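There are 2 protein chains.
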Amino acid sequence: MGAEGCFGGIDIGGTKIYAIVTDREGAILASAKKKSKAHQGFETVMERAVSCLKEACDEADVKTGKLAAVGVGAPSPILPDGTAVNAPNMKWFHVPLVPTLHKALGVPVFAENDCNAGALGEYALGAGRGCRSLVGFFVGTGLGGGMVFDGELLRGANLMAAELGHVIVHVGGRRCGCGHNGCLEAYASKTGMARRLAWETLHQGRETMLTELCDGDFASIKSSALREAYRAGDELAVETLHEMADYLGVGVANTITSLGPEVVVLGGGVFEALGEDLLGRVRDAAAAHTHPPDSFADTRILLASLADDAVALGAMVYARAGAEGPDNG
Amino acid sequence: MGAEGCFGGIDIGGTKIYAIVTDREGAILASAKKKSKAHQGFETVMERAVSCLKEACDEADVKTGKLAAVGVGAPSPILPDGTAVNAPNMKWFHVPLVPTLHKALGVPVFAENDCNAGALGEYALGAGRGCRSLVGFFVGTGLGGGMVFDGELLRGANLMAAELGHVIVHVGGRRCGCGHNGCLEAYASKTGMARRLAWETLHQGRETMLTELCDGDFASIKSSALREAYRAGDELAVETLHEMADYLGVGVANTITSLGPEVVVLGGGVFEALGEDLLGRVRDAAAAHTHPPDSFADTRILLASLADDAVALGAMVYARAGAEGPDNG
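Each protein sequence line maps, in turn, to chains A and B. Quick note on numbering: the first sequence equals residues 1 to 329 in our numbering. Quick note on numbering: the second sequence equals residues 1 to 329 in our numbering.
These aren't lab readings, by the way, just hints derived from the structure by calculation. Given the structure is predicted, the values throughout are model-derived calculations rather than measurements. C-beta atoms are modelled at their ideal positions from N, C-alpha and C, and glycine is treated no differently. There may be inaccurate statements among the hints.
Selected chain A positions facing chain B (in silico; Cβ < 10 Å) [claimed, not checked]: (1) Pro77; (2) Pro80; (3) Asn89; (4) Gly145; (5) Phe149; (6) Ala162; (7) His166; (8) Asp246; (9) Tyr247; (10) Asp298.
Pulled out of the complex, with its shape left as it was, chain A reads as follows (with noise of 0.2 Å):
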């Protein structure tokens, strides 16, 4: 296949890359993965970027130079000059992310948040393919959001928009990472659930399989192990879900209140290990918080459906829809 209707894709996170290599629609060709080592610093990463994108253009034998594009999410704000804002987990601060990866491809490359890219992805090639508005919850370690009206994403006059984690559902309510209290990422993320299983057992005495599943360490937890002790039905780790599930429900009840969206998707590890087990509950709170009632019928609450691909693929969609023009994307 000619490279030159090829598009690549890269996921940048706090622990790993992964790259893709698609056609123009989307099929991806080929794929590879690197650890980030963000602790080494910007420079290194951007280095393994560039490195893991080869490997996967090497594996579709397609020469990186003469890709139509590239797309990259990453997990922080991006201005309209690509330099990447603040990433706090990758200990960036205003580095020049587009501008870095342009120099060392020689093809034009375009950057955006990695849940930006995740409900492009879904959006455009995924669970909400087809429709026109979409609203993506990832729950992982966080909480990120990201919308999608008519194809355009939502950036907000801030660039910083569709923090729906960070939405307050609780007024004076639990305490979040970001330091106020009563956020939806404080209840409905592995983070939130990691602060209450902390609280339960070590302050109430209760006992759960998870501690041993995590080493006593719930900060580290992970969507499998939640996902094995849910299964066997362990006390609290069904409580500590199913109140993820409430709060995500209001969470989606709000967005269905204010935005209307036709399609709100829920990704992220947690609901990749436990979509199937959570999602009736997540819809039953949703459409009991939602106002006015009738206007619940209008939207589809789905699972997303790329799983890993999704942040990759959003991104080449992006980097489509730049390099072809506004009216092609």
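Fit chain B to the known structure of chain A by using the hints.
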């Protein structure tokens, strides 16, 4: 002035109808006001709306049948065919709002939810003039919202979005009139404040000059009474209005965190009466709850500037866009 370039705007509310005639730019040439007499039924309200607009036309020396278009704002979701779906305080349920007015007036008629119209009015002709995205909070008996992005109202797939009063900000919190708990409206509206005042006076034995100012009926309290008690330093009135402002600030923060609009406008009876007194407090609460904190600076929080004209003017702007096509709006 030739009527060809003139537009009509009608604000239909539970207690009164307000009609204006404007030139193409939205300058008001004349206005008229009537009681709605909603208890006499839909047909009566329609007749009174028509005669109210005719009165304004007569005053402006414009023939009603020569208006380029008429816009109507009403307290209901509006379907694309001009049906008003549900207006509890008018006792309307699926009434043919646009067809009825179109038949009586013989000119193009366009209808929009009143809070949406108010937001559009402030966006095009009021406090938000020149901005690209605006979210309006209108605090009166209830709490209404409206959102405009790039000149377009956000209606959602359910056509009922922007119900910002029913976004849940306090899970398990104060009961709202809609039946849910912890809606923003349960705190940031006259109904919400009345609930607190009743509780504090009846069950906690507290005293306030508001009891006398509203003849003991907090549910019917006027914004002017709230202003009088607030400015007199009445302790319970101050506490209640501050709580209202603090919660509204959380609602504003959530809007900035999730949508990042350029402008947030605060309007409605309570802010017409007490806007200058409370604006600073709302801003402070919003700043304290926005994430990331930096993004707060990109949104201007302003008082509405069109007062009682906002809905009628917004309806006129909506009708102008409808009559002239989407590219001329």
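Evaluation of the provided hints:
1. Pro77: Result: holds, 8 Å to nearest chain B Cβ.
2. Pro80: violated (14 Å)
3. Asn89: This hint is violated: Asn89/A lies away from chain B, its Cβ roughly 14 Å from the closest one there, beyond 10 Å.
4. Gly145: Interface hint status for Gly145/A: holds (7 Å vs cutoff 10 Å).
5. Phe149: Holds, because the Cβ-Cβ distance from Phe149/A to chain B comes to roughly 8 Å (cut-off 10 Å).
6. Ala162: Interface hint status for Ala162/A: holds (6 Å vs cutoff 10 Å).
7. His166: Given a least distance of 3 Å, the restraint on His166/A holds.
8. Asp246: holds (8 Å)
9. Tyr247: Nearest chain B Cβ about 7 Å off; hint holds.
10. Asp298: holds (4 Å)
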